[in-house]
Amino acid sequence: MVEAKKVEYWRWPEASWVNPDIDWQKGKLVTVGVDVGSVSSQAVIMVDGQLYAYSNTRTGSDSPDSAWKCVNMALKDSNLKVDNVDYCIGTGYGRVNVPMAQQAITEIACHARGANFLYGPEIRTVLDMGGQDCKAIRCDERGKVTKFMMNDKCAAGTGRGMEVFADLIRVPVWEIGSRSFQIEKEPPMISSTCVVFAKTEVVGLLQEGVPENDIMAAYCAAMAHRITELLNRLGMEEKFAITGGIAKNEGVVKRLEKELGVKAADKVWYDPNMRDKGLPFDTQIAGGIGAALFAFAMLERGKAQSARKA
Amino acid sequence: MEASEILKQFSDVWELRHEYAKDWKQKRGGKVLGYFCTYAPEEVLYAANVLPVRILGGHEAPTLATPHMFDMWCPFSRDCLNQGLQGKYDYLDGIMATNSCLHPRQAFGAWTVHVPTPWNYWFVMPNAVRSPRARKFLRGELEEFKKAIEEWTGAKITDKELDEGIDIMNTNRRLMKQVYEFRKADNPPITGSEAMTMVWASQLMDKREHNDLLKQLVDALPQRKLDRDTGVRLMIVGSENDDRPFMEMVETVGGTFVIDDHCTGSRYFWDEVTPDNDRLQAIANRYCDRVPCPNKDWGMEDISRKRFTHILKLAQDYGVQGVILVQQKFCDPHELDIPSLRRYLESNGIPCYFLEFEVTVPVGQFRIRVEAFLEQIQAEELFV
Amino acid sequence: MIFAGIDVGGKNVHIVITKDGTILAKVEGPTGINKAEAAEKLYEEALKKAGLKRGDISRVVATGSSGSRVAFADGVIPDAAADARGVIKLIPSARTIIDVGAEEGRAIKIGPEGRVLDFAINERCAAGTGTFVDTMSRALEVSVEEMAKLSLQSTRSIPMNAQCAVFGESEVVSLIHQKTPKHDIARAVHDAIAGRVSSVARIVGLEKDVVMIGGVAKNTGFTESLKRDIGMDVNVPDDPEFVSALGAATAAATGVLEEKVEAKVVEKEMIEEGKS
Amino acid sequence: MAKYKTKGLDCWNRAKELRAKYYKDYKEAHDRGALRWEGGAWSFDAIPQALEGEVHGLTEEPYGASIGANPELQVRYQEAAEGKWGCARDLCAYLRNYWGSIVLNEFAYGGEWPKADFIFQNHICCSHAKWLQVAAEIEGGNIPFFCFDVGAGAYDKIGERQINYVVEQLYDGIDFLEKVTKRKIDDEKLIQNVKNTYDSACYWAKACELNQAIPAPLDEKTMFSLYVLGTLEKSHKDIAHFYKDELYPEVKDRVANKIAAVADEQCRVLGDSQPPWGFLRIFRYLEKYGIVSIASLYTFSLIGWWTIDKAGKLVPYPTLEEQGITIKDRDHALRLLAEGELKGKLMWVPFYGAKYKNDIITKIAKQWKCDASIIHLNRGCEGTAQHQMEMKIAVQNLGLPVMTFEGNMADEREFDEGRTTRFIDLFVTETLGLKKVAD
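Here the protein sequences come in this chain order: A, U, B and S.
Letter 98 of the first sequence, counting from 1, is numbered 98 in my numbering, and no numbers are missing.
Add 310 to the 1-based position in the second sequence for my numbering, that's all there is to it.
Add 694 to the 1-based position in the third sequence for my numbering, that's all there is to it.
Add 970 to the 1-based position in the fourth sequence for my numbering, that's all there is to it.
Since the hints were derived computationally from the structure, they do not count as laboratory data.
One should not assume that every hint holds.
Ranges of calculated distance between the beta carbons of each label pair, as one might list FRET restraints [said to hold, decoys possible]:
id, chain 1, residue 1, chain 2, residue 2, range
1, U, V423, S, D1409, 40 to 48 angstroms
2, U, V673, B, E734, 48 to 56 angstroms
3, A, A307, B, P875, 45 to 53 angstroms
We put the beta carbon where it would ideally sit given N, CA and C, even for glycine.
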């Protein structure tokens, strides 16, 4: 839905980070979680269950390449090599096509576990707003899934939809959230659920001279409404946390909180010393974190053998 | 014969159902009747040497059916009609539908107008099956049906023939139940998709032949060891379901269906006819007492559902760890029960996951849901 | 006398100028955000091309999903009506019209004089529209034209679950991962849409001759899939994307359109009433 | 200059009063020590209404419909049913309105949800029994529930056996009612209620029959608000009186004086199924072209009783007077009630096949002199949407132009007004070739 020549308004900034306070060589087990989603891919490297490094990139048309791309990016400022990894779990849409992984686990389990690590054990409901689908998950104090639901066979209200929208309205996707509040009053939400028809509707609104910000508000509201329906079906239990790309879009999140009458957990590390050190907090790496933690658990419980080559 | 060979034969009948039926006509010289729903009283048909075959879909987009059933109707029923409009059932001598849900009714209605099947019959299966009044009414309905069949075939149906018809059906039910018994084992010698194929075959082939194969299967199964992990013991509960790719997908990602409640499974054959001198009354009682379609599952004086307790008992008897609820899109009867059934099973400690089916199932999208559900059930090893 | 027909669709504007039934000029351009402006601009372009001034045009008739936006039109007719008039002019034996545009697939049954007898349209979902083709071609990283060529090389049919344009995309991507040959994927895409389109066509009934118009009609890969699906020949006129505009021009030449203009106005009022 | 005289119905406000009173009575019943029961538009209300003392019912479909006419309320209720209860979005739209209303403990006519003392329902379409089975569950599960089956066969197949089946169930129903309410059935009341039911059902049919006149004295848009009384409590004396002594004579008078429902009638339309209640204005739009929807199996026989005479014509079902019958006792009353419903309510024929529906539709199209048909493909009701596409084909075979549009009687999320008016515009100006006659 995006012509190459045009400015790619949907393109969000990629990122990578290495924890300067951890010397992986001193650690016992290096585990990796690779989350190859339909839109974005993340690699998370952990040393004995502590976050060591991560990256967040865009998924290409080929999953194995995307997996290598994000793993290499995560390791680019570290002397850690893939051969030093003890165990790697792939997750996400492309989980079965992660070359360096020994095992695959669904992003539903991984996001619940990752949210538990990011936000803490009090989280009972996790909403993962991903690229192509939206998952509502209930979990226990260990981040173990107890119930979940996913959106239907239509991409309305997903990250991909938001990208299409950003490109259409020619506003960088990360600006949509804030700009959607620069309005006089809340406009009626976009009625069409189909991404393609929402597009038609938006064009119509632009043409009627409706201010861009109002249209962004209308689109975010529609998305928030769809997600509310999903969460109502699942049954909300607090505390409630959001993971995935759309979590970064306050235009959707704030409206969602309003409609639910429930506030989502603040986007800060549960782990005090990570919080105090002011480590970057990225909701998109929840899946990777969960996968890396599962890899660590598999080794700890002797359910898997270390695959370390060097 | 080895179990696998027998199961292969069931599968072949499924693959080549039309050829089978045409061939049967040649050999047996009887009429072939297509029916839409498992409330068709097959006992009477076997008594008249008529081969009942269930109309099933072809798992393709039902484009020929669109002008007759717009897309608010159950995809399975549209698919069935589509098969008829394509001429796939041109060998049928007759077609019948029973008073069950509204969706096959549409397909049957359009069929009688647009598909040149020589004979058709509408069987008024009562809805108040849990009322004693329905038994008497259904007996009368069966009497009319018997007369109609006699006129159609030109031969009277004797009591002896009725007894045979009842015996063929009961034997078939008993034997399939015996096969299901093996699924209680820790490592069942038969998978869910194989078991489902067996039941389809019984809906498509001459049950006398099916019974012979079942007898051999019952003898052969004890020797059969499947080279696969049982994994999570699952129950599939749903509306009509003849989606083998889905069943197979689930059984390759770490689960095994050990029991079911759907009309291409136990719901079809679970209950037998209790013989009685009044044969038609005996048959009527069976169809009133069988595990009901949700559409007919309402009491005369309370809101309990007969099917729910039955499903829970099956789940317990077969050591089920999780239930996958499937439903054909737009299937009102099941849509009306599912929120309650889900609450009922979960309150009894059985996790459920719901999937909405169409005739073409997006296996990829379902796979992740199923895998996640299996992980939810057996995730312990993932936690330190 | 000289007449103009303007078809303002969701994606493109098409304009035809005719003199005594023969085409003097035709232009095409993107609708863009401001449809009225685009129509205005392209109309000027068409006039220039035909070497005419506005005054030379006896009557202008607009059509298409946004036909009512054309301020300078003397009348507006429903798009299916324009289709019918355009097709019957080019192919008098036509009885069934299939028009697949960017955001809509529709089927029209017409009588010998081109009167609309029955009409059906795809549900509000992108599957079964030109947009679906574009999206898939991008996922396949080839142009729509290449995709058409490719699918003609395929001899294999792969069922595709054309539920949603976005999921279609990922279905295509996973087919690529499974190393499915591109030409088979291309055919799968066309077959899927052809299935959607043919079921709409069957609602009005497929009667010979079947004529396909609209942008997607140029996609030979698609028309082949459609022929296979309906088991009938599909007749595609030259410049199929201009047929609707031609129909509007024909209407301008033949019709007194006042009541239809009103009809449109009433419709707009009603929609507003509906909003309020 | 308009073609015909026209004026509103004199009995219009009376119909509105009766409807308002019905819901008010139900809401306030308990304050007056009266009993409350839930049922359906097709429940044999003559029976529970024959209990001693004051009794008031709430029928599910009309309640769901009145919510459907209010988009804001409707969406809120349906989202509650879908979200909080977890039902499918494609279930009967009335049912989702009804369940949502209970989930939110909100009565559309004000106040909290008025819980019923018992349920007295009957079943023919997939949803009826289950509708209140689940409603009772949402309400806590402790509401006595009785449901009987009326799916005994098509009108022309109804004999002793079928009537016995229903009557036997009705006796069970009476036992149930007397057990759970500790009140007796008053046979005098029962006999009167059955008489009233006959009057309501037969005189509504007679009024519809008068619509064969040109110009039509009634249009469907108006008829919708008139038949509804019969779906509330057709056994009530006021409602029977309304049909017999107010509506019928007035319509007769309109025919005599050529008073048209629509002054510019130039195209008589055969409809089908419930309309999208929130968007009745599409009928007004059609009237601007002199297009009047004057007949449909739905409006004629949802409550109306009909029969086929020797000549094969569709005629109103004979009243008890016309049959020269005086009801003797309880058994006689129950049999007559069952007979009238099973033989006369042709709205049930679609449940028995496309051929039945097409046969009746063809009679209507001819006898009521229809020029075209506009069919609302109603995603909200599988029952009335039975065989709609077959109907389209059958009517086209009669040589009548047909337009279909998808929508939903009570789920505005499934009705696209812009697109529908686009369809109408095309159909009217192109297919029918009509010019606008009024503003």
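Practice prompt. Using the Cβ atoms, figure out if A307/A sits within 45 to 53 angstroms of P875/B.
Written response: violated (34 angstroms)
Worksheet item: Is 40 to 48 angstroms a correct range for the gap between the Cβ atoms of V423/U and D1409/S?
Response: holds (43 angstroms)
Discussion item. For the hint 48 to 56 angstroms, verify it against the beta carbon of V673/U and that of E734/B.
Written reply: With a Cβ separation near 51 angstroms, V673/U and E734/B satisfy 48 to 56 angstroms, so the hint holds.
Of the numbered hints listed earlier, the single one contradicted by the structure is hint 3.
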